[in-house]
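Peer 1: Let chain P serve as the given structure and place chain Z on it in line with the hints.
2 protein chains.
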Amino acid sequence: MNTIAPTTQRSPLHDFLAPDSIAIVGASADPTKRGYKAMVGLIKDGYPGTIYPINPKVDRVLGVKAYASLADIPGTADLALICTPASSVPGLLIECGKKGVKGAVILASGFRETGRPEGIQLEQDLMDAARRSGVRIIGPNTSGMFNLHKKVNLLALNNIKAGDIGLISQSGNMLLSLVLEAERNGHVGFSTYAGPGNQADIGFNDYLRYLGEDPHTRVATLYVEGFRDGRRFLDAARAITALKPVVVYKSGSTEAGQKAASSHTGALAGSYAMTVDLLRQVGVSVVQHSDEILPVAEGLGLLQKARGKRVAVVADGGGQATIASDRLSEAGLELAELSETTRRRLGEILVPQASLVNPVDVAGSSDANPALLADCLEIVADDDNVDSIFLVGMFGGYYTRFAEDLLGGEMRGAEAMIELARRTDKPLVVYSLYAPVNPPALRRLHEAGLPVYSSIEQAVRVLSALGERGIYLAASAGRQSLPAVTPDGAAQAAFAAAQAEGRDLFEFEAKALLRAHGVVVPEELLACAADDLAGIAERFGDQPVAMKVVSKDILHKSDAGGVKLNVRGEAGMRVAFDQIMASARAYDPQAVIKGVLLAPMARKGTEVIIGVIRDPIFGPVLMFGLGGIFVEILEDVVFRAIPLSPHDASSMLEQIKSRKILGGVRGEAAVDKDALVDLLLKVSSIAEAYPQIVELDLNPVIALVDGYAVVDARIIVDRASSAAKEGPQ
Amino acid sequence: MNTIAPTTQRSPLHDFLAPDSIAIVGASADPTKRGYKAMVGLIKDGYPGTIYPINPKVDRVLGVKAYASLADIPGTADLALICTPASSVPGLLIECGKKGVKGAVILASGFRETGRPEGIQLEQDLMDAARRSGVRIIGPNTSGMFNLHKKVNLLALNNIKAGDIGLISQSGNMLLSLVLEAERNGHVGFSTYAGPGNQADIGFNDYLRYLGEDPHTRVATLYVEGFRDGRRFLDAARAITALKPVVVYKSGSTEAGQKAASSHTGALAGSYAMTVDLLRQVGVSVVQHSDEILPVAEGLGLLQKARGKRVAVVADGGGQATIASDRLSEAGLELAELSETTRRRLGEILVPQASLVNPVDVAGSSDANPALLADCLEIVADDDNVDSIFLVGMFGGYYTRFAEDLLGGEMRGAEAMIELARRTDKPLVVYSLYAPVNPPALRRLHEAGLPVYSSIEQAVRVLSALGERGIYLAASAGRQSLPAVTPDGAAQAAFAAAQAEGRDLFEFEAKALLRAHGVVVPEELLACAADDLAGIAERFGDQPVAMKVVSKDILHKSDAGGVKLNVRGEAGMRVAFDQIMASARAYDPQAVIKGVLLAPMARKGTEVIIGVIRDPIFGPVLMFGLGGIFVEILEDVVFRAIPLSPHDASSMLEQIKSRKILGGVRGEAAVDKDALVDLLLKVSSIAEAYPQIVELDLNPVIALVDGYAVVDARIIVDRASSAAKEGPQ
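So the protein lines, in turn, are chains P and Z.
Residue numbering for the first sequence follows my numbering, starting at -10 and increasing by one per position.
Residue numbering for the second sequence follows my numbering, starting at -10 and increasing by one per position.
Just chain P, same shape as in the assembly (with noise of 0.2 angstroms):
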């Protein structure tokens, strides 16, 4: 099975993402070439480093001595910045590797993610280059490359902090987007970025892998329009997310947006839902609108993940409190219900007209002492029950609004902020309506790492990816691996048969190999001739049962007449048989029939479907949720990659929209979800014994009181694998 955990090998990505020594390749003096801006950057920003300025036409550029080829550099440069045309670049990778350099950025577009094969094999022979030199390569297609704790400024970009935020993005507007909120933030800075253009080289887990290391950075923050290797994403993240906050933005997420990607990266896009639920299962915290992405960032950086989904509201409006409910619950966060203790420790401080109840709204009573906020906070935060402590209203501005001489006693409440978040383990989130204008008590905040958020909505989305992060973490900590599966004998021998027929398993195939893992199916037996009913019929006794025709040639069994329901005894069985082939021979008279299947008829329960596919980019994955219009019409299932753990699997019944259904609904009993959570780990075991299996689907599976029934089974089989491979023992 997949063990997953962190190499232990350092990222090669070290070595020239934080490079001593930068030849630019098309170093320019036109202000308007990327060899100019990069020349800038690094001398403005006082790179200490080397640089080699390269173009065969100049002497200096910029002051600096420059080289007319690669060549000519004394000693070697552990980056190369390529600012020339695509046709250059694999000549150049050539010369790169001459001179011992470790990695290449590539600015120039014109390669595969135009889809015209002539910018296809640009990309092979810059790849073919690059594994001849030993050349790691950035892009091609990026937007480029820095690292501002070691003053490599490739962008040139003015304004920009250092600071821990990692950030790789395949957009180099997103990075610009998101470099221009954190000027107007003013308190958040940045590591290392590196854009990953067309992946060629490096993809997002290599980069995710050197962010995981890279100490100056507190948290890794993506957006990606397509992963090349999703699986090995995976698996970085799984050894990051332990360390580290990975944030990712996922473009893509409608059939409209997934058109946009797919025709500007040219990676396939994959479905946007499943590749949420992939990334949140190894502890990624995923991000859905664009202004989310830099505040769940800061929010993660720097404070406390919370150990649930309980938020205690301190606010100073009761319109704002209902608001932050609103969103709160929305956001499938919980309102903590407050100890009496807590309720009466706040009653003792407020006046008679607030609201005690969670959310709190102090009505009034801050309006002259604005300190009274913080001691509410250090109240509620003593209290078991609360997971998270959110201050929303008009903390920072009392003094504008009030009366000048609050400024002492909003100073005051900041210091207690400040001192409360250092000593509780439970984050403590400020919103405040004059963020926008940044009074002195919440630059106090954000300058002592408590950040102070200007939106309702932008406060709770860092509430929520807290608490995703402190339950993952939790969940995660206690993870067990499954024992592997063995193959069994016989159902190799089936897969065998299969292949060498060209044929998918039969049912009965399929639900062999499940019994034999410990599925439980249903008995169903097979008559290959009406004579064969009798036997059976006396062990099923009285069970109404149902019958189906066995046949590679027949896949949709009712159309064909192939199936016939709640038949009892063996004279109704004959009726049936006979019947069921006719009719099959009817419909297809050259369809090679096995027989006929008998099972009984499946008890009252609710219809789930588990399903295992292997995705081009995320290997194999397991899929769970109800039957019907459920799965079709409402498409509310949900995805783990494989293997599965226990938490896993459970948080999958948990996270279906109709979940409800299985806690019972219109007087039904629940169904047993620790059987269905057995089920699905079992099929996560099976999918990983058989490589044999490309797509498995259990459409239905009975869900009942006590156990479940699965009705129908359905196995693909890889057709490219060879039976001798595969073949039986």
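These aren't lab readings, by the way, just hints derived from the structure by calculation.
Hints may be right or wrong, so weigh each one.
[Claimed, not checked] Below, computed lysine to aspartate or glutamate pairings styled on EDC-like, alpha-carbon distance capped at 20 angstroms:
(1) Lys22/P to Glu393/Z
(2) Lys646/P to Asp625/Z
(3) Lys646/P to Asp567/Z
(4) Lys649/P to Glu621/Z
(5) Lys646/P to Glu319/Z
(6) Lys649/Z to Asp625/P
(7) Lys649/Z to Glu657/P
(8) Lys649/Z to Glu621/P
(9) Lys546/Z to Glu657/P
(10) Lys646/Z to Glu624/P
(11) Lys33/P to Glu393/Z
(12) Lys33/Z to Glu393/P
(13) Lys22/Z to Asp394/P
(14) Lys646/Z to Asp625/P
(15) Lys22/Z to Glu657/P
(16) Lys298/P to Glu643/P
(17) Lys649/P to Glu624/Z
(18) Lys546/P to Glu657/Z
(19) Lys22/P to Asp394/Z
(20) Lys646/Z to Glu621/P
(21) Lys649/P to Asp625/Z
(22) Lys22/P to Asp356/Z
(23) Lys646/Z to Glu404/P
(24) Lys22/Z to Glu393/P
(25) Lys646/P to Glu624/Z
Peer 2: Using the frame of chain P, we list chain Z on its own:
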């Protein structure tokens, strides 16, 4: 029927929301008092009218001659601001009346919102005094009011611009938050603000009429915790939205939120989803995130409305083009399909690697010539397939990002965009990642009345509001009033009998009523005794029938063994009749049993549910949804206020999430939507014609490929109205 038309009378609120003289009761020199703040606000802003500070302890307040009491002022005051405690208010209102004061702003809390008997009594006293004295009341428990075009700034807000957004907010913090957001925005200003507080006298509907008439208000923006008279608000909104945009943020969208709202204002919150549906029905732009209120109000005030949902995106970066596409789809908008001509024209001015398919990505074409973006916008604006235009990217920042000499091109581009916006009837929405730093080209756009958004999400919300408004206005222009329905004599008699007997209508009576008004209800025959069955069997022939017990004492017929399905022929009916009667008697020996109802079994189709309720806030409301789990588990239902227009009815079918099912899924044919629309309109008319109906439930209605079948009908009768009043003729 309720005909909805603007009142021809001018709102009386003008008399005191635009006052020529103001008395400040409780005017003070103490900077922490509201009576000081208000004086400062008036004086600093240069209020040209007369100010009468009322304070018995001083001669002057801030240099203005003070009076010991209202009785002492010479002449009258249009408006009184009352800053004194709650208990003083009723007496002061009497004094106000004597001096001819037209309106009073009551800041004090301590009234109905406390939920305490003494508070409720005090509000009663206040209203008694108001009625006796003829003074209209803003509040109590209000944050106050301002009218910036009259220089009436009773809240003494700093840095607030006069403008065209009218604001009514039940939360003072929300007002402050919007004012600070406008300050940061720099271009948005306000006309009149009022805080309705407890709405003891003046409600949201009155304020909305005032803003509708106010020539300084271009957009009415409301933050609502609860309506007092929702029906009158809908009437007012329908009239005003025909003239100018109305933006509503309704808090209490979730259970948690509703709890907070009701403890805060004591208002009935109602169902949020229903409120949103009803507001949209009358053309209100409902926003659901607090950080979208101001952007949407600004956009609706300044930009053209869109004819439809088809958006053309012009971007200078693929990443943000993708994000824009994602968000547009999510918001229910569409990417316009650009015409051949448009693509050819774009192709002529863009580089070969540009994407000419919407979203248009200029792919570097504008790097050296930002004005080219305006050319692209002009080209897509000419396309008949395009309803609105969306510029996405870094416009305004080219001169910082690339080269300073690009500023000229940016300014030319801005002028061309301004010119385009004037020329075209399609909205041009601009998002720029440089909006946070407000560079010259963006400043120029903003000054010329083209707002620039700093978040793709907010820009998309604006596009969506512009599309909704355009579509609403087009649909409501042709709004037809349906002819009123005359109550049926037999139905009136049935109501009278039911009221006399203290019961609801029997199912057969409800169905007879429906039939009388043209609703297609399958024939049903009542067998009071077994001997009635011979004739009934003859009438129904070979059709299988359903049989149901009829008894006012048996509500759950199935539980009582009172239902038999698929019965055929007289013999079968006799057996079933005896079984039903025996079971029903066994179930409840006291039950009065009227007989057994027989009806042909419904044909196979799609279950839908139609209901009518009389909402305490909004009056008669019709609900529609799919039956079974869709209504019970997924709560996938939609609402419209009665009476419905044909557009209202057909829009219900399009709004439910499971609408795909009505269109035909899993190989089934589409249902007859015209028949359903007709049914909805008939039910609406029936609910209007019979005030005795307090609830009506058609559940299920089987929607068929041709027509529908009302399988069960339930009418709950108003027990309060006497039998005599509605009695038989």
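Peer 1: Hint by hint, note whether the structure agrees.
Peer 2: For each hint, the structure was consulted:
no., hint, verdict
1, Lys22/P to Glu393/Z, "holds, 13 angstroms"
2, Lys646/P to Asp625/Z, "holds, 13 angstroms"
3, Lys646/P to Asp567/Z, "violated, 45 angstroms"
4, Lys649/P to Glu621/Z, "holds, 11 angstroms"
5, Lys646/P to Glu319/Z, "holds, 18 angstroms"
6, Lys649/Z to Asp625/P, "holds, 15 angstroms"
7, Lys649/Z to Glu657/P, "violated, 28 angstroms"
8, Lys649/Z to Glu621/P, "holds, 11 angstroms"
9, Lys546/Z to Glu657/P, "holds, 19 angstroms"
10, Lys646/Z to Glu624/P, "holds, 12 angstroms"
11, Lys33/P to Glu393/Z, "holds, 17 angstroms"
12, Lys33/Z to Glu393/P, "holds, 17 angstroms"
13, Lys22/Z to Asp394/P, "holds, 14 angstroms"
14, Lys646/Z to Asp625/P, "holds, 13 angstroms"
15, Lys22/Z to Glu657/P, "violated, 61 angstroms"
16, Lys298/P to Glu643/P, "holds, 15 angstroms"
17, Lys649/P to Glu624/Z, "holds, 12 angstroms"
18, Lys546/P to Glu657/Z, "holds, 19 angstroms"
19, Lys22/P to Asp394/Z, "holds, 14 angstroms"
20, Lys646/Z to Glu621/P, "holds, 14 angstroms"
21, Lys649/P to Asp625/Z, "holds, 15 angstroms"
22, Lys22/P to Asp356/Z, "holds, 11 angstroms"
23, Lys646/Z to Glu404/P, "violated, 50 angstroms"
24, Lys22/Z to Glu393/P, "holds, 13 angstroms"
25, Lys646/P to Glu624/Z, "holds, 12 angstroms"
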